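J.: Residues per chain, in single letters:
2 protein chains.
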Amino acid sequence: MKNNVIFEKVKRAKEASTLLGKIAPEAKNMALLKASESILKKKDELMASNKKDIANASLLLEKGEITKSIIDRLKLDDAKIEEISKMISSVANLKDPVGQVLYSIKMDEGLELFKVTVPFGVIFSIFESRPDALPQIASLCMKSGNSVILKGGSEALESNRTLFEILEEAFAAAGLPEGCIQLVEGREAITTLLKMDNMVDLVVPRGSNEFVRYIQENTRIPVLGHSSGICHVFVDSEADLTKALRICIDARVQYPAACNSMKVLLVDYRIADIFIPLLSKELIERGVRIKGCPTTVGILSRSGISVESAGDSDWNKEYLDLTLPIRVVNSLGDAIAHINNFGSRHTDAIITENMEKAKQFIQSVDSASVFHNASTRFSDGYRYGLGAEVGISTNKIHARGPVGLEGLVTTKYILIGNGHIVSDYVGKNAKPFLHKEIDRDWEARLK
Amino acid sequence: MKNNVIFEKVKRAKEASTLLGKIAPEAKNMALLKASESILKKKDELMASNKKDIANASLLLEKGEITKSIIDRLKLDDAKIEEISKMISSVANLKDPVGQVLYSIKMDEGLELFKVTVPFGVIFSIFESRPDALPQIASLCMKSGNSVILKGGSEALESNRTLFEILEEAFAAAGLPEGCIQLVEGREAITTLLKMDNMVDLVVPRGSNEFVRYIQENTRIPVLGHSSGICHVFVDSEADLTKALRICIDARVQYPAACNSMKVLLVDYRIADIFIPLLSKELIERGVRIKGCPTTVGILSRSGISVESAGDSDWNKEYLDLTLPIRVVNSLGDAIAHINNFGSRHTDAIITENMEKAKQFIQSVDSASVFHNASTRFSDGYRYGLGAEVGISTNKIHARGPVGLEGLVTTKYILIGNGHIVSDYVGKNAKPFLHKEIDRDWEARLK
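Here the protein sequences line up with chains B and D, keeping their order. Basically our numbering = 1-based index in the first sequence + 104. Basically our numbering = 1-based index in the second sequence + 104.
Treat the hints with care, as some may be off.
Which copy is meant is left open, so a pair is good if it fits within one copy or across any two.
Keeping only pairs whose Cα atoms sit at most 27 Å apart, straight-line, the calculated BS3-like set for lysine-lysine is [stated by the list, open to error]: (1) Lys172 / Lys210; (2) Lys190 / Lys147; (3) Lys179 / Lys146; (4) Lys535 / Lys219; (5) Lys146 / Lys395; (6) Lys219 / Lys199; (7) Lys299 / Lys421; (8) Lys184 / Lys172; (9) Lys219 / Lys190; (10) Lys532 / Lys190; (11) Lys385 / Lys184; (12) Lys115 / Lys126.
Since the hints were derived computationally from the structure, they do not count as laboratory data. For clarity, every value in this text was computed on a predicted model and none was experimentally measured.
Using the sequences provided together with the hints, build the complete structure.
T.: Structure follows, in structure tokens:
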């Protein structure tokens, strides 16, 4: 796609965003419901496009350029189309994140201040080759009043074009501002868009860690995204071993490729002799490849289990398959130091019955989510009760941990006066500020 | 300062931050009160150091390398020392920003989630040559539980050394973790620290726009800071001209060098013939240099007032002196477009008696603060009732507008379970999540 075509699209998205920010919640919800219906009505068109993508992908598979799992994720069927439709309507049912008044005070008589949530403006989202990604991201952006520029994976090109057309038409029919949703194609579009920091307000990349890191390092636009999930479970000397077993198996095995699965296990030396062999048998039965620190290798070898040695690089590697490096540590303090040193500040858990130690772990581990006696796999926007999940942020600024719709809005201060000037509040005879809490209806002040 | 010296300081700050994050509010407040006392007790030492700085600066002034105003800002006297002492104790009296529970739900029986405010960790602050800057920043960082690395302007070298020693000693005497406050010197320290994104969690630069922009462009560490204040006042055709006059004079004249002062005035053409000459007379009397768009120049010339023509570059220039470019616009829409196009998203005001127009302006201007019938000069953390002000952010992420102590903290999710695993909540017979609000005392769960 040529630069001037992209520029034109972004410009239209920016113009639309000014209108979109002040649209009523009902209009946004109506648009989402229309889109949800339309996805079902245009099923045949969608299936036809998807077939083209599958055919192209099959050629790539034959050449060995992509894996079978990409085709599996790409494929649409009746059930998946139904799911997409339901997902869109469920976003309509979420609480509107725009226009929430977070702070309201009277600075003086007739001088009233409100802090209100507002959309970012224009969001640029780059996502993987799954046909459900485009409608999900577009729905979340519309719900939060943002214009969105969509860039999907090339394998889903035809499906994305049709999905985009369906959404664009439905949004227009519902009266959303023309231009609020845009599709761009081609890798070079990413480079162009990342430079448009005066037009684009937020980048939401999805994909591999390397990809997200590349985006973060190549733009001045704020990026919302996590870069990796090096999640730990620490089994303390005072752990209930039954709980520890259940949690470790769940955290490593239940969905190994998830960012919130356990990537490294730390075990206190005082229980290592009992716990590591117990757990290892269970894990090996489930296909897990264990890599041990020297102490772990020794303990397991005495139990007749032979495992690989873990190297230095294993402690900060994000194994998305069934691999688990295990390290024996001397104390809670050592576990905390290991996690803060090697972890990615995503999600880390302690298993212990000693509440003081739990508290120390919670306070000292510098991660977005810290757990006591629970599986790291709970770290997720839906499970946290946030409704939809935009992503899981390992940044400390703006949004940290699982991010719901609140991650797609910012705030604005609104001050309503009646000719008030600062000169009256400084120097001798300065009027004092009242700073008194007031009700939150700023629009009522403008009637 | 050598790189290894700097590295050692940052390492100690990082270690201290782990302890500082869980310290009781009383301990932090005690440290601040001790520091406040100590500043008064060690007045003579402080004055002696300040004299050295003044002597050095006077030599630079003679050589024409600095301006007189730098010396004025640098100079300490009894009153200023008293003020610094009071400022520190006032920070002790602010509400503790750490440990606020923002969200608390029961995900299931015995599985409880809390979202809690926590310090960033290590903050690197770079500030101008004013002796009150160091104690202010250090106090705000301590109050918010952050270790702080301080880099002051070179003209205040001696004063900053003494201030640092006083604070370091007071904090240590009050039992704050050793190493939590660090002083670095020399311009090259900045380059070194900006690269330490694995140790430093936030950069808070103060100084010129160019300087803040330089910092933003040269680090991967999140930066909290505004880059410029191109603030507008738009006088609508339905403005009360008495209010408009008062506000425009206050916004431009009351403190011209402030980031929140009016930098550009927009006037609706329907009242331009009356309002612009009226205002210009008042402003010119107060020493303001007006630069006009062609229409403005014409109107003023018919009133016998000759002013310079504004060039294209005047619309996005931050005049920190008594200069005011004026532009006549055709409509509210044109005013909004001008502001969104040329402004810096800091603070913008509309003067009108038409409430619908006020609402449209508030909703459409994409700035951190939008005002109706009030001077832009109100845009300030103290005036907004936030207590201390860390700065005014023109970023959209994390903190926008005047930022209080809440800008120096982030959040952490704490999940407390009892052996809970995700497998029980997926697939057939999946347990449902309860997502029920609960009380906020997470520490009570660990007793």
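J.: All hints are to be evaluated individually against the structure, with a verdict given for each.
T.: Against the structure, the hints:
1. Lys172 / Lys210: neither (62 Å within a copy, 40 Å between copies)
2. Lys190 / Lys147: within (14 Å within a copy, 70 Å between copies)
3. Lys179 / Lys146: within (16 Å within a copy, 74 Å between copies)
4. Lys535 / Lys219: Close inside one copy (23 Å), not across copies (39 Å); limit 27 Å.
5. Lys146 / Lys395: neither (50 Å within a copy, 59 Å between copies)
6. Lys219 / Lys199: For Lys219 and Lys199, the Cα distance is within 27 Å both inside one copy (18 Å) and across copies (19 Å).
7. Lys299 / Lys421: between (31 Å within a copy, 23 Å between copies)
8. Lys184 / Lys172: within (18 Å within a copy, 72 Å between copies)
9. Lys219 / Lys190: For Lys219 and Lys190, the Cα distance exceeds 27 Å both inside one copy (34 Å) and across copies (29 Å).
10. Lys532 / Lys190: So Lys532 and Lys190 pass the 27 Å test across copies only (20 Å; inside, 64 Å).
11. Lys385 / Lys184: Answer is neither; intra-copy 38 Å and inter-copy 70 Å both fail.
12. Lys115 / Lys126: within (18 Å within a copy, 48 Å between copies)
Comparing the model with each earlier hint shows violations of hints 1, 5, 9 and 11; every other hint is respected.
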